[in-house]
Structures are given as structure tokens and as C-alpha cells.
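Enquirer: For the protein sequence lines, the chains are E and U, in the order given. The letter at position 88 of the first sequence is residue 87 when you use numbering that gives the first Met the number 0, and the numbering goes up by one with no holes. The letter at position 88 of the second sequence is residue 87 when you use numbering that gives the first Met the number 0, and the numbering goes up by one with no holes.
Some hints could be false.
According to the in silico footprint, chain U covers these stretches of chain E (three or more CB under 8 Å from chain U) [what the hints assert, rightly or not]:
1) 201–208
2) 245–251
3) 303–311
4) 355–367
5) 438–444
Label pairs and their computed distance ranges (CB to CB) [said to hold, decoys possible]:
6) E/K399 with U/K13: 53 to 59 Å
7) U/T63 with E/E110: 55 to 61 Å
8) U/A100 with E/K56: 53 to 59 Å
Just some of the chain U residues that point at chain E, by a computed CB distance under 8 Å [claimed, not checked]:
9) R22
10) I26
11) E27
12) H30
13) G60
14) A85
15) Y87
16) A120
17) V123
18) S125
19) S127
20) A129
If you are wondering where the hints come from, they were derived from the structure by calculation, not from laboratory data. The beta-carbon is built from N, C-alpha and C at its ideal position, and this holds for glycine as well.
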Amino acid sequence: MIRSLEELQELAEKKRCDDEACKEELRVCIGSTCLSLGAEAIQKELDSGVKARGLEKRCRVKGVGCNGLCAAGVLVSQVNKASGTEILFESITESDAKALLDAYETGAVLESKRSDTTRAFFTKQKKIVLENAGYIDPDDIEDYIAHQGYAALFDTLTNALPGEVLDEVKLSGLRGRGGGGYPTGLKWESVAKVESEVKYIVCNGDEGDPGAFMDRAIMEADPHRILEGMALAGYACGAEQGYIYVRAEYPMAVEKLNRAIKQARQLGILGRHIADSGFSFDVEVRLGGGAFVCGEATALITSIEGNRGHPRQKPPHLSDSGLWNAPTVLNNVETFANIPPIIRNGGAWYRGFGTEKSPGTKVFALTGQIVNTGLVEVPMGMSLREIIEEIGGGIPDGKKFKAVQTGGPSGGCIPEQHMDTPVDYDSLKSLGSIMGSGGMIVMDEDSSMVEVARFFMEFCQSESCGKCAPCRVGTTELSKILGKFSRKEATARDLDQLRDLCEVVKETSLCGLGQTAPNPVTSTLKYFESEYLDAIRKENA
Amino acid sequence: MSVDTDARFKMVEKTMKKLGYDRSALIESLHTAQETFGYLEPEVLKYIARKLRLPFSKVYGVATFYHFFRLKPKGKHTLVVCMGTACYIKGANKLLDKLEARFGIKAGETTKDDLLSLLTARCVGSCSLAPIAIYDNRPVGKLDEERTLAEAEGMLS
Numbered sequence: 000m001i002r003s004l005e006e007l008q009e010l011a012e013k014k015r016c017d018d019e020a021c022k023e024e025l026r027v028c029i030g031s032t033c034l035s036l037g038a039e040a041i042q043k044e045l046d047s048g049v050k051a052r053g054l055e056k057r058c059r060v061k062g063v064g065c066n067g068l069c070a071a072g073v074l075v076s077q078v079n080k081a082s083g084t085e086i087l088f089e090s091i092t093e094s095d096a097k098a099l100l101d102a103y104e105t106g107a108v109l110e111s112k113r114s115d116t117t118r119a120f121f122t123k124q125k126k127i128v129l130e131n132a133g134y135i136d137p138d139d140i141e142d143y144i145a146h147q148g149y150a151a152l153f154d155t156l157t158n159a160l161p162g163e164v165l166d167e168v169k170l171s172g173l174r175g176r177g178g179g180g181y182p183t184g185l186k187w188e189s190v191a192k193v194e195s196e197v198k199y200i201v202c203n204g205d206e207g208d209p210g211a212f213m214d215r216a217i218m219e220a221d222p223h224r225i226l227e228g229m230a231l232a233g234y235a236c237g238a239e240q241g242y243i244y245v246r247a248e249y250p251m252a253v254e255k256l257n258r259a260i261k262q263a264r265q266l267g268i269l270g271r272h273i274a275d276s277g278f279s280f281d282v283e284v285r286l287g288g289g290a291f292v293c294g295e296a297t298a299l300i301t302s303i304e305g306n307r308g309h310p311r312q313k314p315p316h317l318s319d320s321g322l323w324n325a326p327t328v329l330n331n332v333e334t335f336a337n338i339p340p341i342i343r344n345g346g347a348w349y350r351g352f353g354t355e356k357s358p359g360t361k362v363f364a365l366t367g368q369i370v371n372t373g374l375v376e377v378p379m380g381m382s383l384r385e386i387i388e389e390i391g392g393g394i395p396d397g398k399k400f401k402a403v404q405t406g407g408p409s410g411g412c413i414p415e416q417h418m419d420t421p422v423d424y425d426s427l428k429s430l431g432s433i434m435g436s437g438g439m440i441v442m443d444e445d446s447s448m449v450e451v452a453r454f455f456m457e458f459c460q461s462e463s464c465g466k467c468a469p470c471r472v473g474t475t476e477l478s479k480i481l482g483k484f485s486r487k488e489a490t491a492r493d494l495d496q497l498r499d500l501c502e503v504v505k506e507t508s509l510c511g512l513g514q515t516a517p518n519p520v521t522s523t524l525k526y527f528e529s530e531y532l533d534a535i536r537k538e539n540a
Numbered sequence: 000m001s002v003d004t005d006a007r008f009k010m011v012e013k014t015m016k017k018l019g020y021d022r023s024a025l026i027e028s029l030h031t032a033q034e035t036f037g038y039l040e041p042e043v044l045k046y047i048a049r050k051l052r053l054p055f056s057k058v059y060g061v062a063t064f065y066h067f068f069r070l071k072p073k074g075k076h077t078l079v080v081c082m083g084t085a086c087y088i089k090g091a092n093k094l095l096d097k098l099e100a101r102f103g104i105k106a107g108e109t110t111k112d113d114l115l116s117l118l119t120a121r122c123v124g125s126c127s128l129a130p131i132a133i134y135d136n137r138p139v140g141k142l143d144e145e146r147t148l149a150e151a152e153g154m155l156s
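Just chain U, same shape as in the assembly (with noise of 0.2 Å):
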């Protein structure tokens, strides 16, 4: 990967350019980039530091304070279980146990073969559908423990 041939560091330059390369363009810095390359790389930190005229300690600080940023690579697929406090009453940790066990990985991790990446949201705000879980963008709520192994299952097929 290298920053002159690469398109996607464009992407991220876009977004500094449009506020102007001042320093408070970094979290939106580091959403842009998130979204081209999938996660934020050492790679892609250095270069945004270098742009905005920031150390990169203060760059990887920020990156790692915020949930939302990923420094590591997500598998091909995602399954997001929600644990906000309603799904909570509802059993979302019952189900997370559930998943963890199935697929030998904790929350926040990616299995050996990089197939699913199990990871858990703080409120995805649509507890009406308690408990709910995110696969791969498709949200599918009222999840019980059969249910949420069947369609991780149906996802990964």
C-alpha cells in the first residue's frame, strides 16, 4: 500500500481538505478513513498525523479512546449483538454466550479463518425489537437463542 498510488488515501485527504487540514478535522479524519480501508492501519494513522500536523501519539490516542474505530481488520462477515440496557433485560448476554461458544471466540474477536468477527454495540437504539443483533448491516430483532445461531449460520453459508 502506498500513499502515492493508492486512491483510497484521496478519500481520507477529501475529508482534510474540506475542513481545511486544521487539527480538529481528525476524528473526521479517522471515520473517512475507517470507511475506505475497512479499519484504521498503522499505515493510515501515520499519514493522517502527518498531514494534519499532528504527533501520532495524540492520532493513535484518539483513534483508540473512541469505540467506533477499529485498529484491527473485521472478518468478512460481522455479527454485532446489541447490549444495551433492553436488550440486556431481554437476554442479549444469554445470547452472546450463546455465539461465543458456537464459534470459540470472545466479543471483539475474529475467528482463525477470518470468516466472522463477533462484536457487541453499547445501544444500536431499536429496543423496541429486543434483543437485537446486527448481521453484517442486516439488523433482525425479537432474537431468542435458536434464532441467533440460525441466522449466523444463514450468514456465514
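Here chain E stands alone, though its shape is the one from the complex (with noise of 0.2 Å):
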């Protein structure tokens, strides 16, 4: 049991003495892709031949979580912890483990596989939520607390007012990384003054947009930190429970969060009067069963009290009647993410990155057409090229840039002569596109915008919960339409009509998936129109 500051403090130190007397690190990422391309059976070959060459006083072998170039997968670092330096091998297969062994025991590097570290991919990105992500053990919770983890929690426990969390969220000028962009401090406030005996906090692990996966590696890589970033939201808030709705399809985030929380109870960071202090706080995993709808607010809770994932009007708001018609503090992983580092070091520490009205980093997972699929973490305000023509090394095989997809079925497509635009969150909605929770999916010359309209307007239409008639006979019809234009069938009639019922789909929905439905459509109209005109018969055209 950890029952102070202090005593949080010397467990970090021993943890840090004991790994330096291990002086190097083979770390192996155990990332989902990584895994599915093997890893595993890598973490294990290595693992053994350290143990076989009698090097494991030297050396240690230890998965990590992922580190973003999800491309050159297996990824294996070379860490010497004395001098500080890190070289990373990339494409590792089982068969290179020996190899890398062997040139590891001589003291040399096996230079084919190396990684080259001065590219963009890794210069170019600044990692706050992402810190740990490759370098701590996800299943250690002594490896978290050797990083600064809980220390935040239990500095604020000892030492500071719920009002002082407050002001600190409120100053880094956070905003939801969901996508609504809605201000996290604001959020908190308007709970913490609702006077209540019992309040919630939520973390949205739902990640139901299909091309990101930005939570799912946060929750993989490093889940004491939403851990964390929770029971802060506690304090400041008043809470003494929290929930994490995580989707049933991320077996592995589900496994590690609820391992996180098994080691946090047993050494009291969560549970009865955390650090001896008056606060009480305790986490319980909830699995959501893949519905899209579910990561709108409202539905999202009453999916938690056991019902179809329907969203319902607002007000009443969260703050007022959420789960379980108590106040209630939603927010998505890397939001919570977030709320360690600002506090630790924080709020105006962290408003030194990004942009005036939009703060901090955003992680994003790019992937499409673009060789340095992965994910990063940028700040806020860098430009679309950077990211995609820098960071993400261009268009593969030499083809044409054509459009990247953001925020995912909610969001819509930038063209080339907007690739200049900061990417934060008004920028991009003024481009008729969200930000969204960080999907990038990069498009080149080859793809058609009206099948991306289309594949986005089917999966809204399959996902409609069919609360409300607008989105559930508006996206059906919508989709249609767009058939007939991919069939290159339409007539101008259609084109018309496709307008008209984007406007009321968007305009009379209930919630948020129906009002954002329509954006693929308006979005690729907007800049790609005469793919339409081309999709119109000629003899009606």
C-alpha cells in the first residue's frame, strides 16, 4: 500500500535503482499491429537467447507499447539507459532475432534493420499523451510510478484543492479530443458546482470511428495514465466512481485497463481514502458492443445502465443528468490523457504548445494511401502537408495526392489547395471538415470521392439507432442517391435532391451522428464537384 507522497516517491526511486543496475533494454513493441505481425514470438526469441548467452545481467527484455511507426513493424529498440541512447530496428522478423542477438552480444548494431531516427516521422512530432508509449511496460504499474505516474494524483491529494485542479485544466485550455472540442475545464466546473451526493466520471473508449485507433494504442500502451487522469477528475469534480466504456472488439485494451486497475486497488492509488487523504476514488471497466452511436454522449450512458446505445435530447446536459440521472464528467481517453503532464507541470506549461485557441498536441492515426502509416503526435497548428508530406513521407508509389478523410463518417475531405491549413479545431470546421477524435485517411489520384461519400453515407445509414426519422430514413435515402451516382446512373434531378436532404438531415436530426452524417457528402460536393456532374447520365445532364 502506497499511502503518501513520500512513500509514492521512494517506490519510484527503487523501481529507477533497480533498472539501472540493468544497464540496457531490448524492447520489443506489443502494440496490436506490432502483435499481429508477430511480436510475440520476437519478445520470446529474444527473451530466451539473452537468458541462453548469459547476458540478462546487462540486459533486459521487455514489450512495451506502441510507438507509432506502425508500418515498419516488428519494432525493436536498443536502449542503454547509462548513456541515454536508443537505436530502433525496424521490419524485425523471428529470424532476425538471432541476428540482432548476435550482433548485440559483440557490441555491435545490426545495421541493416536499423531505423533511421533523424527522419521527419520522429523529429517532427512532440509527445505529451504518447510520453510513455514505447518505453514503459504497460502491465508494470511500478514502471508507470518510475515514470512520475500518480504523482500528479498524489501531489494534488496532498498538497492542493479540487478548485486548484479546476484552475489548472481551466488555464491549459484543453479542449475535448473526442472531437467536440468543447473545453475540458469548462466541463469539469459546471460539475464540480452542481451540488449532488453522487457524480460520475466517464472515459469514452469507444473509438467507433473506423480508421483511428489513437485510443486503442493510448489504452494499450499506457492505461495508468487514464487511470490517472480519472481520479483527478474526481477530485476536482466531487466524484467517487468512474467508468471507462471500452468496445468489446479491443480485447486487449480491455485486458490491460482492467489488469491497470487490479494493481492500482492493491496498492490503494484506487480505492477508500487514497493517500490517506479524504478522497475516494475506484474505476470499473464497462464494454460497449459496437455501435457507432455509441460514442454520442447520451447514448454512451445509457449503453453504461444496460439499454440500446439511443441518444436523447439535450438539455438536460451531462453536468445536470447524466448516468444514472447524476452529474456526470464525460471524456475520451486522450483527453484524459492529457491531464497528468498538465498537472504535473502545469496549465500555462501547456498552452506553450499549439495554437492560441486550440492547445497541446493531438495524436492522430494516418492511414490510407501514405508510407509512414502509424500514429503521431503532432501540436496543434502544424499544417496538413507537414504531417502528411513530412511526417508521413508522401504518397507510395509515386501517385498524386488527392484528399485527406478527417474526423471519420462525421467528418469530410480536404483537398490539395487546403493542405496549407493549420490542423486545429477551427481551421478544419471552417473547411467543412471536423477534427474529429484523429483519423487521417489519406486518398491519392485513384480514389473516387463519390465511393468515399457513399462508403462513409452507408455506414451511417447502417449505424442510425433509428431513434429519430431524419437520420434513419435520411441517411437511407441518402445513400441511395449516392448508388446511383456511383452506378453512374444519376440525373441532375438527383444531384438536386442530394443537396436538399443533406441540408435536413443535417439540420432536424437529434444527435450528432445524424447532424454530421451528411458532412462526406458536403464536404467532397464542395471541392469535387464535377466527379458528381461525371456521375450524371449524359442524356439527362
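Reassemble the complex: the two chains are provided individually, in unrelated frames, and hints are given to aid placement.
Expert: The structure is reproduced here in C-alpha cells:
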């Protein structure tokens, strides 16, 4: 049990000393992507190899969360803790493990697999949320504590009032990372102000956007960070119970979170009277069932209560009546993951990154027709061009860039002429897209924008919960019309109808799913109208 | 299958007990039930309804709302093709067409001999490996048409 900040610091120091006894580490990425490329076997191979060669005194093999460069998995890094140097190897297979150890044993480096870490992919990123990803063992709470983990929580419980936590979060200017961009500090304050015996902190780990895997990586690589963020929210708002709602499709994230919760309870970091203070907090995981609409706040709440995930009219807002009608804070995984560093370093420090209206960093999942697919964290305000061409390495096979889709089914496609737009909540919105949770799908010249619009509309149609007619019927009709365009059987009348219906669905749907469902259509109509016109039958044109 | 003699019901009950037989335990109970039974047969749904004092219609309504729950048994092997955006952009629909043609079933169906269930996923979150499919819990990424079929044949043989 850890009862005070001093005891926490002692444990951190002890763990660091233990670690330093072993000078070097071989870190194997065990993120989902690397795992499916055989990372587990490689880790075993390295581990038994190190032992067989009698190297275990100077070298430890450990599994770590996602490093980000998923395109070059499996990633293994060789770290010398004394000198702080790190050598990254990419595309490692089981058979490379022996060669890697052969070289390592003689003090050499397996140059053929060495990854060039002077590339923009590595140098242009700024890691705050992902600072531990690729460094710590997600299954080991002590490793998190040794990396300043839970220091913010214990320091706060010992030295600060709830109001001071609120002030720091407000000062940081952090905005909700789920896509809405509502200021987190204000959200917390409105819950803190309400008088209520019971309040809840809920973390949205549903990540239903196809093409997005930021939250998955955070949950898998650094689960304790989310718990710490939630506990700090609990302290600031006066809540004692938290829930993390995770998709059942992410079994590994569920496993890591459950293990993290168990470990934290054992050390008294979750539970009654944390750090011998008057504050108690506990967290439970709740499984989602693969319904995109459950990413919507009221639908998520009603799903935790054990119902079909139907959204409801707002107000009342969750801050007044959320989970089981109690005041509730709902933020997504990345938002909570930002909290510990903000409290540790102060809100003013956080404001030093990003732009004035969108401070901090944002994690993006780069996918589609792009060289460096993977996970990146960059300061807000970086241009799309820098993210896609420099960090992402551009389009493969010498093809030309056509558009980037941000925000998933609620977002839009942004064309070449707007590539220099800074990435922040407001700029993307003005282009007819949204920041969303952070999926960025890059499309080359061969992609059909009508097809992309149809793909997303069919997605929304099948994900519509059916509660309100504009969304249920509207998305169905829109899908039908887009089908005509994709078969090149559309008429000029269809185009008018498409525009009208988009407007109706946007303005009259009950929740965010329906209100934003037309975005992929309207944004492609705006920037790629010629593709729609080409799909209109000649005799009707 | 009898509630009294089949130990699998005990597993489901354990989840309900942990959550105090509250009606909010419904989704968690369905997850446990699917894990232990493989799918949600009417007997199991009725059992959950009875234990949580919920109308059967409510339990059925929730079970059919979420994609994750299956009301029909799966085949001996399962092949899940990811249809997320990144996979779609990289031609996942063509892979699915090939598989449907090869095995004569549509996505969501099981072959007559109960050997293979062909399923789709919204997004498995391994977008870097797009297009990706999961062969009996084994994800295989960067697929082309040839490999998609070869892996399927390999799994069934």
C-alpha cells in the first residue's frame, strides 16, 4: 500500500535503481499492429536468447506499447539507460532476432535493420500523451510510477484543493479530444458546481470511427495514465466512481485496463482514502458492443445503464443529469491522458504548445495511401502538408495526393489546395470537416470521392439507431442516391435532391450522428463537384 | 441444456452477482454469456431476463442492437474481414467479393457444413496493416486477393 507522496517517490526511486542495475534494455513493441506481425514470438525469442547467452545481467527484454511507426513493425529498440542512447530496428521478424542478438553480444549493431530516426517522422513529433508509449511496460504499475506516474495525483491530494485542479485545467485550455472540442475545464467546472451526493466520471473508449486507433494505442500502451486522469477529474469535481466504456472489439485494451485497475487497487491508488486523504475513487470497465452511436454522449450513458444505445435530447446536459441521472463528466481517452502532465507541469506549460485557441498536442492515426502509416502526436497548428508529406512521408508509388479525410463518418474530405491549413478545431471546421477523434485517411488520385461519400453514408445508415426519422430515413435515402452516382445512373434532379436532403438531415436530426452524417457528402460536393457531375447520365445532363 | 446442470449458466450468474443483479448488468451479462456459450441462444436470453427481472423483449432488444452479439452459432472457423475506411480504401470490398464467391455465402453467413463463418468488422483498429482480415483470432494484414484465399484454405484444411 502506498499511503503518501513520500512513499510513492520512494517506490519510484527504488524501481529506477533496480532498473539501472541492468544497463541496457531491448524493447519490443507489443502494440496491436506489431502483435499481429508476430511481436510476441520475437519477444520470447529475444528473452530466451538473452538468457541462453548469459546476458541477463546487462540486458533486459521488455514489451512496450505502440511506438507509432506501425508501417515498419515489428519494432525493437535497443536502449542504453546510462548514456540515454536508443537504436531503433524496424521490420524485425522472428528470424532476425538471432542476428540482432549476435550483433548485440559483440557490441555491434544490426545495421541492415536499423531505422533512421533522424527522419521527420521522429523529429517533428511532440509527445505529451504518448510520452510513455514505447518506453514503459503497460502491465507494470511500478514502471509507470518510475516515470512520474501518479505523482500528479498524490501531489494534488496532499497539497492542492479541488478548485486548484480546475484552475490548472482551465488555464491549460485543453479541449475535448473526442472531436467536439469543448473546453475540458469548463465541462468539469459545471459538474463541480452542482450539489449532489453522487457524481460520475466516465471515459469514452468506444472509438467507433473506422480508421482511428489513437485511443486503442493509449489504452494498450499506458493504461495507468487514463486512470490517473480520471481520478484527478474525480477529485476536481467531487466524484468517487468512474467508468471506462471500451469497445468489446478491443480485447487487449480491456485486458490492460482491467489489469491496471487491479494493480492500482492493490497499491491503494484506487479505492478508499487514497494517499490517506478524504478522497476515495474507483474505476470499472464497461464493455460496449460495437455501436457507433454509442460514441454520442447521451447514448453512451444509456448504454452503460444497460440499454440500447439511443441518444436523447439535450438539455438536460450530462453535467446536470448524466449516468443514473447524476451529474457526470464524460471525456474521451486522450483527454484524460492529457491531464496528468498538465497537473504535473502546470496549465501554463501546456499552453506553450499548439495554437492560442487549440493548445497542446493531438494524436493522429495516419492511414490510407501514405508511406508512414501509424500513430503520430504533433502540436496543434501544424499544417496538413507537414503532417502528410513530411511526417507521413507522402504518397507511395509516385502517385499524386488527392484528399485527406478527417473526422471519420462525421468529417469531410480536404483537397490539395487547403493542405497548408493549420490543423486545429476551428480551421478544420471552416473547411467543412472536423478534427474528430484523430483519424486521417489519405487518398491518392485513384480514389473516387463519390465512392468515399457513399462508403461513409452506408456506414451511417447502418449505424443509425433509428430513434429519429431524419437520420433513419434520411441516411437510407442519401445512400440510395449516392448509389446511383456510383453506378453513373444519376440525373441532375438527383444532384438537387442530394443537396436538399443533406441540409434536412443536418438540421433536423436528434443527435450528432445524424447532424454530421452529411458532412462527407457536402465536403466532397464542395471540393470535387466535377466527380458528381461526371456521374450524371449524359442524356439527362 | 438445462439451467440446473449446465455449469456455463453459473458463469453468467457470476457476472450478474458481481453487479448486484442490477438491470444495468444486462450488457455485461450478455458479453459473458456469449463468451461462454459462443452465441446467444434464446434459452440463455430467457435465463438472463428472468434473473435480472427484465422483460424478454428488453433483453432481446439489447442483444440485437449491438453488432457484437450473435444470435446464431458460428461455424467451426471464422474469417472476419475488416471493412473500416483504411481497409476499404485499400480494396477490402474486393477481397470480400472473392471470399463470398469462393465459399458461396454472403458476409454474416455460415457455410452449410458449419465449417466457416464469414463475418465483417467495422474496424479492428490495425489500419496500418490494411487491408486486414482475422482468421480464427489470427490477424493477417496487407492482404491481396491471392493471399486472402490461400490463408482461408489453409485455415480450413
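Enquirer: Run every hint past the structure and note whether it holds.
Expert: Verification of the hints:
1. 201–208: Holds, because 3 residues of the segment 201–208 of chain E bring their Cβ atoms closer than 8 Å to Cβ atoms of chain U.
2. 245–251: holds (count 3)
3. 303–311: holds (count 6)
4. 355–367: holds (count 3)
5. 438–444: holds (count 3)
6. E/K399 with U/K13: 53 to 59 Å: Distance hint for E/K399, U/K13 holds at roughly 57 Å.
7. U/T63 with E/E110: 55 to 61 Å: Given a distance of about 56 Å, which is inside 55 to 61 Å, the answer is holds.
8. U/A100 with E/K56: 53 to 59 Å: holds, 58 Å
9. R22: holds, 5 Å
10. I26: Result: holds, 5 Å to nearest chain E Cβ.
11. E27: At about 6 Å, which falls below the 8 Å cut-off, the nearest Cβ of chain E leaves the hint on U/E27 intact, so it holds.
12. H30: Status holds, d = 5 Å.
13. G60: Hint holds; U/G60 Cβ to chain E Cβ min 6 Å, cut 8 Å.
14. A85: holds, 4 Å
15. Y87: Cβ of U/Y87 sits 6 Å from chain E, so the hint holds.
16. A120: At about 7 Å, which falls below the 8 Å cut-off, the nearest Cβ of chain E leaves the hint on U/A120 intact, so it holds.
17. V123: holds, 7 Å
18. S125: holds, 5 Å
19. S127: At about 3 Å, which falls below the 8 Å cut-off, the nearest Cβ of chain E leaves the hint on U/S127 intact, so it holds.
20. A129: Nearest chain E Cβ about 6 Å off; hint holds.
Violated hints: none; the structure is consistent with every hint.
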